[in-house]
Amino acid sequence: MFWFLAAPGTFWLVVFFLAPLAIVWALSFGEQTSLVDTEITGTLENYVRAVGTPVYLQIIWKSLWISAIATFLCLVVAYPVAFLISFVRGRWKMLLLVAVILPFWINLLIRTYALLAVFRTRGFVNFGFEWIYNTLWLDTIFGRFQPLELLYNNFSVTAGLVYVFMPFMVLPLYASIERLDKSYLEASLDLGASQTRTFFRITVPLTMPGIVSGIILVFIPMLGAFLIPDLLGGTNAQMIGNVIERQFKAANDYPFGAALSFLLMYATFGALALRAFMAGRKSGMEI
Amino acid sequence: MGVFKRASQGPLDYHRRLWLRLYVGLTFLAIYAPIITLIIFSFNDSRRNIVWRGFTTKYYWKAWNNDSLFEAFVNSLTIASVSTIVSTILGTMVALLLWRFRFPLKSAYEGLMALPIVVPEICMGVAMLAFFSRVTGFPTGWIWPFNLSAITAAHIAFSFPFVAIVVRSRLAGFNRELEEASKDLGASEWQTFWKVIFPFMKPGVIAGALLAFTLSLDDFVVTFFTSGPDTLTFPVKVYSMVRFSVTPEVNAASTVLVAITIIVTIIAMRFQSPEKMARG
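As they're listed, the protein sequences go chains A and B.
Just so you know, my numbering puts 59 at position 59 of the first sequence, and the rest follows in order with no gaps.
Just so you know, my numbering puts 174 at position 174 of the second sequence, and the rest follows in order with no gaps.
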């Protein structure tokens, strides 16, 4: 019975998931010998190239930076949303929670495409600006409205990441604010602390597990994002994901792409270990 | 101090603060406005896609009659169906295994099972590409639908751990006494499973299956790396259209995909909370 239940799932996991990952791992220590052949030589050359070449190092740094900024913005945007939801009662609470969860079920590609229509030179933002510009008769003074270049730069990628991943931040925050004993807030206010002080000295520290959880939950997929920088960033605002894709498709340099994708894997495992560590340290306040 | 406030607003009634409500309202507007405009403009009678020129459904017909888009749609549905069946069976078996048995290194096994959920999509995508192109050879030359088997295998790999989680959380609420009673009354292991355990976990299995269906139908990144020129799926085809231009036809195709996913998900949510469904 045990083996009957264990065998199929384990088989599938090993053959169609662990083996492919192991192959990529092995490839990351290999050399491209011809167009289609790779020799596993145990070289660290690919990793050295990834962190030693200025171009790639710069992209790695930029990916980390953009993800960090976008994660922070997600936190700032999501906290008040989660806060409000945990104080609302009844029907509205359900409705707001559904509104947060619904974007999870809308295809990532389509949400990114929707932003494309908002940001492009003939998109809704520029259209709105042009309308304001013309309404204020500015076109008679400064000439025709020049559309803003909102796409294909770091701004559009950051905005895209925040837009797509913000709902992922709300849920862990909501879970920990909901669990927060509201009498602490009352006590703090009773004892004369202002609302602001209460928020930063009581609410934020007590909901820290949710904040950490949300940050990690959002940061990891952002770091590995491919579609968003691809569609909204173009060639000007690439992230690690785009470089990996290029190595495996156009450049056909599997070993180097493998090394980059395993750097991403190590970063992911590091973040998950950090989360487990934080959860373990604050026992009784599980994330 | 309290005298100057409206009596209904206590210091902890944050949800009554106007500025907080406005802020949250604006956030939701920012989340939904792009998607809603995308849907509205799929009915717009203009190629320019920015000014409203009247209602039409012609872009839906155009998308429907776009042969390669339709083919991609059929491919997606085929892959999603096969992937759903296999991953539901595998996931349910894993859930039963983890629910029923204790064994050495169980937490490590659980960790490995959760790996497809946490690994960055792009890493899984390139792993599939390397695996199928360098080791087994892409099944590209095979006849339809067997040329889709690489994509399907990859979809099953990332779907069944999700099914396992959903089914297992359902099983956690199972009262073991029912099982004991069944065996006391002389039922065999097999009979107990099909007559007692399976009916209990069925809502979880159905919810897991629907989740697997939407995961497969929606997946872009992993499919993008596993698909060949003659094995496009709907999202991959939409991606190539999006890269080319922003047209109402793409909006129409996207709207269809969003509609399917949301409908399937609503059904799944109903199955996950059958008590609510019974109440209507």
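I should point out that these hints are in silico values taken from the structure, not numbers from a laboratory.
Any given hint could be a false lead.
Claimed, not checked - Computed from the model, here is a short list of chain B residues facing chain A with C-beta under 7 Å:
| # | residue |
| --- | --- |
| 1 | H15 |
| 2 | L77 |
| 3 | A127 |
| 4 | A157 |
| 5 | L171 |
| 6 | L185 |
| 7 | V242 |
| 8 | A259 |
| 9 | I260 |
| 10 | I263 |
| 11 | I267 |
The beta carbon of each residue, even a glycine, is placed where N, CA and C say it ideally should be.
Each hint, compared with the structure:
1. H15: 4 Å, holds
2. L77: 15 Å, violated
3. A127: Holds, about 4 Å.
4. A157: 4 Å, holds
5. L171: 13 Å, violated
6. L185: 21 Å, violated
7. V242: 5 Å, holds
8. A259: 10 Å, violated
9. I260: With a minimum Cβ separation of about 10 Å from chain A (threshold 7 Å), the hint on I260(B) is violated.
10. I263: 10 Å, violated
11. I267: 12 Å, violated
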